[in-house]
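In order, the protein sequence lines correspond to chains C and D.
By the numbering used here, the letter at position 61 of the first sequence is numbered 280, and the numbering carries on one by one without gaps.
By the numbering used here, the letter at position 23 of the second sequence is numbered 242, and the numbering carries on one by one without gaps.
For the record, the hints were derived by calculation from the structure and aren't laboratory data.
Nothing here was measured: the structure is a model prediction, and the numbers come from that model.
Treat the hints with care, since some could be wrong.
Same chains, same label: a pair holds when it works inside one copy or across any pair of copies.
Computed cross-link-like contacts, SDA-like style, restricted to lysine to any residue with a CA-CA straight-line distance of at most 20 Å [said to hold, decoys possible]:
id	residue 1	residue 2
1	Lys227	Thr313
2	Lys227	Gly366
3	Lys404	Leu388
4	Lys404	Arg421
5	Lys404	Ser266
6	Lys404	Phe384
7	Lys227	Ile351
8	Lys404	Asp371
9	Lys227	Arg291
10	Lys404	Ala224
11	Lys404	Asn385
12	Lys227	Leu239
13	Lys227	Met293
14	Lys404	Val380
15	Lys404	Glu423
16	Lys404	Ala285
17	Lys404	Asn393
18	Lys227	Arg363
19	Lys227	Leu388
20	Lys404	Leu318
21	Lys404	Ala338
22	Lys227	Pro264
23	Lys404	Glu275
24	Lys227	Asp357
2 protein chains.
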Amino acid sequence: MAVRAQQKERTRRALIDAALGQISAERGFSNLSLREVAREAGVAPTSFYRHFPDLEALGLALVDEAGTELRRRMREARQRFGTEGGVVRASVDTFIQFLIGNANLFYLLSRERAVGSPAFRRAIRREIDHFIDELACDLERECRDRGILMSDISIVAESMVTIVFNEGLEFIDNKEENVQDVTQKMVQQLRMIALGAEAMARREQISPGPE
Amino acid sequence: MAVRAQQKERTRRALIDAALGQISAERGFSNLSLREVAREAGVAPTSFYRHFPDLEALGLALVDEAGTELRRRMREARQRFGTEGGVVRASVDTFIQFLIGNANLFYLLSRERAVGSPAFRRAIRREIDHFIDELACDLERECRDRGILMSDISIVAESMVTIVFNEGLEFIDNKEENVQDVTQKMVQQLRMIALGAEAMARREQISPGPE
Numbered sequence: 220m221a222v223r224a225q226q227k228e229r230t231r232r233a234l235i236d237a238a239l240g241q242i243s244a245e246r247g248f249s250n251l252s253l254r255e256v257a258r259e260a261g262v263a264p265t266s267f268y269r270h271f272p273d274l275e276a277l278g279l280a281l282v283d284e285a286g287t288e289l290r291r292r293m294r295e296a297r298q299r300f301g302t303e304g305g306v307v308r309a310s311v312d313t314f315i316q317f318l319i320g321n322a323n324l325f326y327l328l329s330r331e332r333a334v335g336s337p338a339f340r341r342a343i344r345r346e347i348d349h350f351i352d353e354l355a356c357d358l359e360r361e362c363r364d365r366g367i368l369m370s371d372i373s374i375v376a377e378s379m380v381t382i383v384f385n386e387g388l389e390f391i392d393n394k395e396e397n398v399q400d401v402t403q404k405m406v407q408q409l410r411m412i413a414l415g416a417e418a419m420a421r422r423e424q425i426s427p428g429p430e
Numbered sequence: 220m221a222v223r224a225q226q227k228e229r230t231r232r233a234l235i236d237a238a239l240g241q242i243s244a245e246r247g248f249s250n251l252s253l254r255e256v257a258r259e260a261g262v263a264p265t266s267f268y269r270h271f272p273d274l275e276a277l278g279l280a281l282v283d284e285a286g287t288e289l290r291r292r293m294r295e296a297r298q299r300f301g302t303e304g305g306v307v308r309a310s311v312d313t314f315i316q317f318l319i320g321n322a323n324l325f326y327l328l329s330r331e332r333a334v335g336s337p338a339f340r341r342a343i344r345r346e347i348d349h350f351i352d353e354l355a356c357d358l359e360r361e362c363r364d365r366g367i368l369m370s371d372i373s374i375v376a377e378s379m380v381t382i383v384f385n386e387g388l389e390f391i392d393n394k395e396e397n398v399q400d401v402t403q404k405m406v407q408q409l410r411m412i413a414l415g416a417e418a419m420a421r422r423e424q425i426s427p428g429p430e
C-alpha cells in the first residue's frame, strides 16, 4: 500500500514536471495538450485522470507547490541572517536563484496572471498574498528584535513583493541585465522601502494622524 | 488636401477605437480580426491597409499614442502641484482616473506585456521606460526646488512606476478594492519610497560609499 502511494506520487510528480518542461516564454499553459503531457510523463492519457481531473487542476497544483517551496526557501533565507542588510540581500539572492532555476515556472506565472482562467489568477493572487503575509510577519519580528518602528508593515511587505516579483519577471523576460545588476537594484529598492517605512513611523510619532 | 488628411486621420482614429472597443478582460489583441475591426470602424477591409500594414502595427500605434497621452497628463498633474504630498497625490489621482477611463487599454497592456509579440513587448517596455525617465526628471527638479537630496533618482522612479503600474493593473483586474482605498495605498507606497530615498541620501552623506 505504501509502495502504491509512493508510485502514485511519483507519477503525479512526473506529470507536473512534464507539463512544466513543455512551457516556455512562447508556449503557455493553455497551449499544452493533456495527451502530450501524459506521453512525456510516460503515462497513458487515461491514467492522467487518476491524478488530476483536467490540465487546469494540474496547473493549480503546480502553482500551489511552487509557492509553498519558494516561501519555505525565503523563510529559511530570512532566518539565517539577522542583520538588516543581510536579510534583504539574502532574500533577494534566494529569490533570484529560485527564479533562474525555475524559469519555466515564472513564464507560467507571468502568462497566467495576465491571461489565465479566473481560477488560475486567483491561485496566483493567493500565493502572492501568502508571500506578503509571511514577509510582513518576518518584518514585524525583525523590527521588534532590532527595536525599530516601521509604519504599516503590510503595505511595506506588499510594496516589496510587488517590486521583487515584477523586476524578477522583467529579468527573465528580457535577459538584458546580468544577475549582479538586477540583484543590486532589487536590494537597493527594498532598502529604500524599509528606510522609508522607518522614516514614516518617526513622522507619525511626532505628529500622529487621526486614529 | 487638408480635408483629405483630416478624413484619413479620422478613419485611422476610428480603426484604433474599434480595435480598443473589442478588447476586454477576456479578449486579447491576438483574438481580434482585421475584418471585424474594419467593419466596426465602418471601413472596407481593403482600406485598412491604407492606414496600417497589419493589426499588430495598429496595436503598436495604440500603445504609442496612449503612452504619450498618459505621460502628458502626468506631467501636467505634477506641474500643477508644488508640494510633496500634492505631487504624489495628484499623480496617483491622475493615473487612476486614466486607468478607469481606459480600462480596455490596460487590459491590452497587461495581456500583451505577458504574452504579446516581441515587438509589442518592446513597445510597452519602451513606454514604461519613457515614463520612468520623465518621472526621474520631475523628481530631480522637485528635489532641487525643495533643497532635498534623494539617493539614486532613477531607481526611485523605477520603483514608483513598478508599484503604480502593477497595483493599477491588479485594481482593474480584480475590482475588489474601491478607488479611495487603492489611491490611499498607492500614495502611501510612493511616499514611503520618497522618504526612503531621502533617508538613504542622508546615510550616504554621513558615510559615502566607494565612488
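Structure-based check of each hint:
1. Lys227 x Thr313: neither (31 Å within a copy, 55 Å between copies)
2. Lys227 x Gly366: neither (50 Å within a copy, 66 Å between copies)
3. Lys404 x Leu388: Close inside one copy (14 Å), not across copies (23 Å); limit 20 Å.
4. Lys404 x Arg421: Result: close only across copies, 19 Å inter versus 26 Å intra.
5. Lys404 x Ser266: Close neither inside one copy (47 Å) nor across copies (48 Å); limit 20 Å.
6. Lys404 x Phe384: both (13 Å within a copy, 18 Å between copies)
7. Lys227 x Ile351: The answer is neither: 33 Å in one copy and 51 Å across copies each exceed 20 Å.
8. Lys404 x Asp371: between (23 Å within a copy, 10 Å between copies)
9. Lys227 x Arg291: This pair counts as neither: shortest intra-copy Cα distance 24 Å, inter-copy 59 Å.
10. Lys404 x Ala224: For lysine 404 and alanine 224, the Cα distance exceeds 20 Å both inside one copy (46 Å) and across copies (47 Å).
11. Lys404 x Asn385: both (13 Å within a copy, 18 Å between copies)
12. Lys227 x Leu239: within (19 Å within a copy, 48 Å between copies)
13. Lys227 x Met293: Neither: 29 Å inside a chain and 56 Å across chains, both beyond 20 Å.
14. Lys404 x Val380: This pair counts as both: shortest intra-copy Cα distance 14 Å, inter-copy 15 Å.
15. Lys404 x Glu423: Cα proximity of lysine 404 and glutamate 423: across copies only (16 Å, versus 29 Å in one copy).
16. Lys404 x Ala285: neither (25 Å within a copy, 28 Å between copies)
17. Lys404 x Asn393: Cα proximity of lysine 404 and asparagine 393: one copy only (16 Å, versus 29 Å across).
18. Lys227 x Arg363: neither (45 Å within a copy, 65 Å between copies)
19. Lys227 x Leu388: Answer is neither; intra-copy 33 Å and inter-copy 40 Å both fail.
20. Lys404 x Leu318: Within. Shortest intra-copy distance 16 Å satisfies the 20 Å Cα cut-off; inter-copy 28 Å does not.
21. Lys404 x Ala338: Result: close neither inside a copy nor across copies, 33 Å intra and 26 Å inter.
22. Lys227 x Pro264: Within one copy, since 15 Å is at most 20 Å while 55 Å is not.
23. Lys404 x Glu275: neither (35 Å within a copy, 33 Å between copies)
24. Lys227 x Asp357: Intra 36 Å, inter 59 Å, cutoff 20 Å: neither.
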